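Chemist: Here's the letter readout for the chains.
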Amino acid sequence: MTVVEPAIETSGLVKVFGETRAVDGVDLVVPAGGVYGFLGPNGAGKTTTIRMLATLVRPDAGTARVLGHDLVREPDEIRARMSLTGQYASVDEQLTGAENLILLGRLLGFSKTQAAARADELLDVFGLTEAAGKQVKDYSGGMRRRLDIAASVVVTPDLLFLDEPTTGLDPRARNQVWDVIRALVAAGTTVLLTTQYLEEADRLADRVAVIDRGRIVAEGTSGDLKRSVGSGTVHVRLSDPERRQEAERVLSGVIGGEVKPGAEPNALSVASSDLERVGSALVELSRAGIGVTGYRLDEPSLDEVFFALTGHPADVDEKGEESAA
Amino acid sequence: MSTTTPTSDVARSVPAALTSRTRPKRPGPLATTWTFTWRAMLKIKHDPDQIYSSFILPIMFTLVFTYLFGGALAGSTGDYLQFLMPGILVMTVIMINMYTGISLNTDITKGIFDRFRSLSIWRPGILVGALLGDALRYTIALVVVTALGLLLGFRPGGGVLGVLGTILFLQLFAFCLGWMWNAAGLVLKSPESVNQLSSVVLFPLVFASNVFVQPETMPGWLQVVVNVNPITHAVTAVRGLTGGTLTGEQLTWALVACGALLVVFAPLSMYLFRAKSLR
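Sequences listed follow chains D and A, in order.
For the first sequence, the numbering used here gives the first residue as 1, with consecutive numbering after it.
For the second sequence, the numbering used here gives the first residue as 1, with consecutive numbering after it.
Take these hints with a grain of salt, some might be off.
[As the list claims (entries may be wrong)] As a list, the in silico SDA-like pairs of lysine to any residue whose alpha-carbon atoms are at most 25 Å apart:
(1) Lys189/A / Ala186/D
(2) Lys134/D / Gln50/A
(3) Lys25/A / Gly18/D
(4) Lys112/D / Asp49/A
(5) Lys134/D / Ile51/A
(6) Lys110/A / Leu169/D
(7) Lys110/A / Ala80/D
(8) Lys43/A / Gly133/D
(9) Lys134/D / Met41/A
(10) Lys134/D / Leu151/A
(11) Lys137/D / Thr37/A
(12) Lys110/A / Glu93/D
[As the list claims (entries may be wrong)] Covered stretches of chain A (in silico footprint by chain D; criterion: 3 or more residues with CB under 8 Å from a CB of chain D, positions within the stretch not fixed):
(13) 112-118
(14) 156-165
(15) 199-209
Everything labelled a hint here was simulated from the structure, so no lab data went into it.
Since we're looking at a predicted model, the values are computed, not measured.
Quick reminder that beta carbons are idealized off the backbone N, C-alpha and C, glycines included.
Make the full structure from the sequences, and use the hints.
Modeler: Put into structure tokens, the structure is as follows:
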């Protein structure tokens, strides 16, 4: 067989907490290899789905195969090949960084010496050697995250769940975490990561599933998702701000739709992904003698995608509950 | 270096560390339990304050009861101290015992419990190992409190053997009672609520026992409560051990009390543990 089995395959996964259907019929196919992004606002059901797939929570309905094993019947086979880095650092704050890694190494079956050697190696590559003897409660958020991920790769897993790995990190620490994720993928691990950050999914994930209110509302590459929404945006910059109104008429005439003035007096933008029409609009502008100093074609952001798919922006959390029309 | 170099050293060195996928053999129940015991002992090493605070209450109770009430209760403070110390030793262990529940609950709320549960390990080892690690804590506290008693004039008739026997017996008692706190740690929402429950449960249990006075002068209904209280049987056994007067009947009742706690709370804890997850 040349077809590689998917890392995760679920059908109709449901988890109910009291009245809330936290996960409400999730069908997913996560191919082996690469990064799969699980995107959605707080309370959308990302964490619950991950906790089910990581054998921590029993699904109320539906089936799932993880790394070729049935989630409910063979959890130990799955646990032996998967690692989980939870939303809050899943390391022991009272122990030192080195002790945390030795603890995990011992629980995986390494001897004392092997576990200590592996801990040293990981502390070194994750840039934590200097902090090895410090208690984790004194670590910065970024250090804690790196230790947390290091603890997940004491034995390189075939599948790694990362629940919001960069939430609360500064840009430098976030970039380091991204580098680690890329390195893991290069080493052959399948990474399933949840994120609220559209940029993160866009940068890292080969495929993305958008989850909202316990359901998958879209799935595909981030390019697919953007195309499904349709339009990108064309930004045009004029040499003469005085002629902006004139330019606006030309653009709306050729491209159609609403032309919006930009922040600067010489800027204009209009939604379109139709390159031909954009081309002819630029030709029309030059025919009318309106100088164009620059133009740029933007793909839609995942923010826009999310809004188009769900009817509400991505940063809505529980307290921002709104009754969608 | 070009501008496209990865943003950190991490990116260059991580791949090398990830190439090895050799997974060692899954550790057995003993190795798993011992690893969690080791973890509990490391916590004592890093947080000795918790040990100090565990002496304070028993020491305070010893001083207050001996010098304030001792004369009234037993005729002289010296006589009362002989009576009180065994009870205080049991109380010492009970007061530390609740930390078992608090640490378990902290593990759950902070997230590391999820990591343990996502490993392919012998799961009871998580709870059993923590209980065994606490044995070191009990030993330290018992030695300190006994030393204080000796300093104040406590003279155990059972001698060194009696005291060693007491420490050994109280380890067993604490191990069995610890399952109650494991159950509480698994059910309650936060470490604070475990702490609150412990003061609500422990003080009545300690007072409604024979720690401070013999129950003969209590009303009949209270004597019934005192007699079914496992703490009472533990205290009676410790009085027997330290005094060198332990009878077979006293020991039997004490072991029955330990067994009852274990039979009720160990399966309950394991049930609650499993109910949280798959198998």
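Chemist: Evaluate each hint against the coordinates.
Modeler: Status of the hints after comparison with the structure:
no., hint, result
1, Lys189/A / Ala186/D, "40 Å, violated"
2, Lys134/D / Gln50/A, "19 Å, holds"
3, Lys25/A / Gly18/D, "40 Å, violated"
4, Lys112/D / Asp49/A, "28 Å, violated"
5, Lys134/D / Ile51/A, "21 Å, holds"
6, Lys110/A / Leu169/D, "18 Å, holds"
7, Lys110/A / Ala80/D, "23 Å, holds"
8, Lys43/A / Gly133/D, "14 Å, holds"
9, Lys134/D / Met41/A, "17 Å, holds"
10, Lys134/D / Leu151/A, "38 Å, violated"
11, Lys137/D / Thr37/A, "21 Å, holds"
12, Lys110/A / Glu93/D, "9 Å, holds"
13, 112-118, "holds (count 6)"
14, 156-165, "violated (count 0)"
15, 199-209, "violated (count 0)"
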